[in-house]
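What follows is each chain in one-letter form.
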Amino acid sequence: DGGITQSPKYLFRKEGQNVTLSCEQNLNHDAMYWYRQDPGQGLRLIYYSQIVNDFQKGDIAEGYSVSREKKESFPLTVTSAQKNPTAFYLCASSMLGGNNEQFFGPGTRLTVL
Amino acid sequence: QQPVQSPQAVILREGEDAVINCSSSKALYSVHWYRQKHGEAPVFLMILLKGGEQKGHEKISASFNEKKQQSSLYLTASQLSYSGTYFCGTYSMNYGGSQGNLIFGKGTKLSVKP
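So the sequences go chain by chain: G and E. Letter by letter, the first sequence follows residues 1 to 113 in this note's numbering. Letter by letter, the second sequence follows residues 1 to 114 in this note's numbering.
Bound-form chain G, shown alone (with noise of 0.2 angstroms):
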């Protein structure tokens, strides 16, 4: 079956720790992307990628890293210098272009201690 997922689905982190989020796919998708999610805020990205080894910041950058070594993985680290970072954290891939839908990962739930 193909699809997107992440882990862990749940995750708690003390204050101060990095910390990292998985996203693999095999849907075969060029383009990746990370969203967080607050209530009452919708979905803002944080990066995003569209080709293997280069990626760009989005709307939310600051205190979030990530890498982009193979097609299929985009991996996702909250660093301590993410001053609010419990939130809900959405992986998502798509093929090029702005006529194609994305396709959701599960989630992964982070609460900071």
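For the record, the hints were derived by calculation from the structure and aren't laboratory data. Be careful, since some hints might not be right.
Straight-line C-alpha distance at most 30 angstroms; calculated DSBU-like pairs for lysine-lysine [stated by the list, open to error]:
no.	chain 1	residue 1	chain 2	residue 2
1	E	Lys106	G	Lys57
2	E	Lys26	G	Lys14
3	E	Lys37	E	Lys50
4	E	Lys106	E	Lys50
5	E	Lys55	G	Lys57
6	G	Lys83	E	Lys37
7	E	Lys26	E	Lys109
8	G	Lys70	G	Lys57
9	G	Lys83	E	Lys106
10	G	Lys9	E	Lys106
11	G	Lys57	E	Lys109
So the derived label-pair ranges between C-beta atoms look like this [what the hints assert, rightly or not]:
no.	chain 1	residue 1	chain 2	residue 2	range
12	G	Ser67	E	Asn65	17 to 23 angstroms
13	G	Ser22	E	Ser81	37 to 43 angstroms
14	E	His57	G	Ser22	44 to 50 angstroms
15	G	Pro39	E	Ser63	39 to 45 angstroms
Reference listing, derived: stretches of chain E covered by chain G, where coverage requires no fewer than 3 residues with Cβ under 8 angstroms from a Cβ of chain G [stated by the list, open to error]:
no.	region
16	13-20
17	23-32
18	65-79
Note that this is a predicted model, so its numbers are computed, not measured. We put the beta carbon where it would ideally sit given N, CA and C, even for glycine.
Starting from the known structure of chain G, fit chain E onto it as the hints suggest.
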């Protein structure tokens, strides 16, 4: 520029109809619609493209007014399963095609009661 959705929330009885609107201050290449149930991933509903092309579920109806930079999602004869938060996302236009990334609105929460 984040698109504006209206209403923010709506409550329906089963069988009633609803319209969700999405408007942008920029010229649009495409409008995407997604539905998200609480704690789950958003699910694709429809894409409306400049020029009139549409991609998506046959049972979902939507419109795209390019001049007004607006889109509307029509939910008819609502069912309990329609409950969730609906998001529109917009790709802005540039010369020759789309640009940038999908920018989502804040969502419209739809509740369908028995």
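For each hint, the structure was consulted:
1. Simply put, E/Lys106 and G/Lys57 have alpha-carbon atoms about 20 angstroms apart, close enough for the 30 angstroms limit, and the pair holds.
2. Restraint check for E/Lys26 and G/Lys14: not satisfied, since their Cα atoms lie roughly 41 angstroms apart, outside the 30 angstroms limit.
3. With a CA separation close to 28 angstroms, the supplied pair E/Lys37 and E/Lys50 stays within the 30 angstroms bound.
4. Straight-line distance between C-alpha atoms of E/Lys106 and E/Lys50 comes to about 22 angstroms, which keeps the hinted pair within the 30 angstroms bound.
5. Distance hint between E/Lys55 and G/Lys57 is fulfilled; the C-alpha atoms sit about 28 angstroms from each other, no more than 30 angstroms.
6. For the suggested pair G/Lys83 and E/Lys37, the alpha carbons sit about 28 angstroms apart, so the restraint of at most 30 angstroms is met.
7. A threshold of 30 angstroms between alpha carbons decides the hint, and for E/Lys26 with E/Lys109 the separation of about 24 angstroms falls inside it, so the pair holds.
8. For the hint linking G/Lys70 to G/Lys57, the alpha-carbon distance of about 18 angstroms falls within 30 angstroms, and the restraint holds.
9. Between the alpha carbons of G/Lys83 and E/Lys106 the distance comes to roughly 22 angstroms, so the proposed pair stays at or under 30 angstroms and holds.
10. Taking the CA atoms of G/Lys9 and E/Lys106, the gap is about 23 angstroms. The hint holds against a cut of 30 angstroms.
11. Under the criterion of a C-alpha separation no larger than 30 angstroms, the hint pairing G/Lys57 with E/Lys109 is consistent with the structure, at around 29 angstroms.
12. For the pair G/Ser67 and E/Asn65, the supplied restraint of 17 to 23 angstroms is violated, since their beta-carbon distance comes to about 41 angstroms.
13. Against the hinted window of 37 to 43 angstroms, the Cβ-Cβ separation of G/Ser22 and E/Ser81 comes to about 30 angstroms, which falls outside the hint.
14. Between E/His57 and G/Ser22, the C-beta spacing of about 30 angstroms breaks the proposed range 44 to 50 angstroms.
15. Our hint of 39 to 45 angstroms for G/Pro39 and E/Ser63 is violated, since their Cβ atoms are close to 29 angstroms apart.
16. Requiring three or more residues with a Cβ within less than 8 angstroms of a Cβ of chain G, the coverage given for the region 13-20 of chain E is violated, as only 0 such residues are present.
17. Only when three residues or more bring their CB closer than 8 angstroms to a CB of chain G does the claim for the region 23-32 of chain E stand; here the count is 3, and the claim holds.
18. Coverage of the region 65-79 of chain E by chain G is violated in this model, with 0 residues showing a Cβ closer than 8 angstroms to a Cβ of that chain against a need of three.
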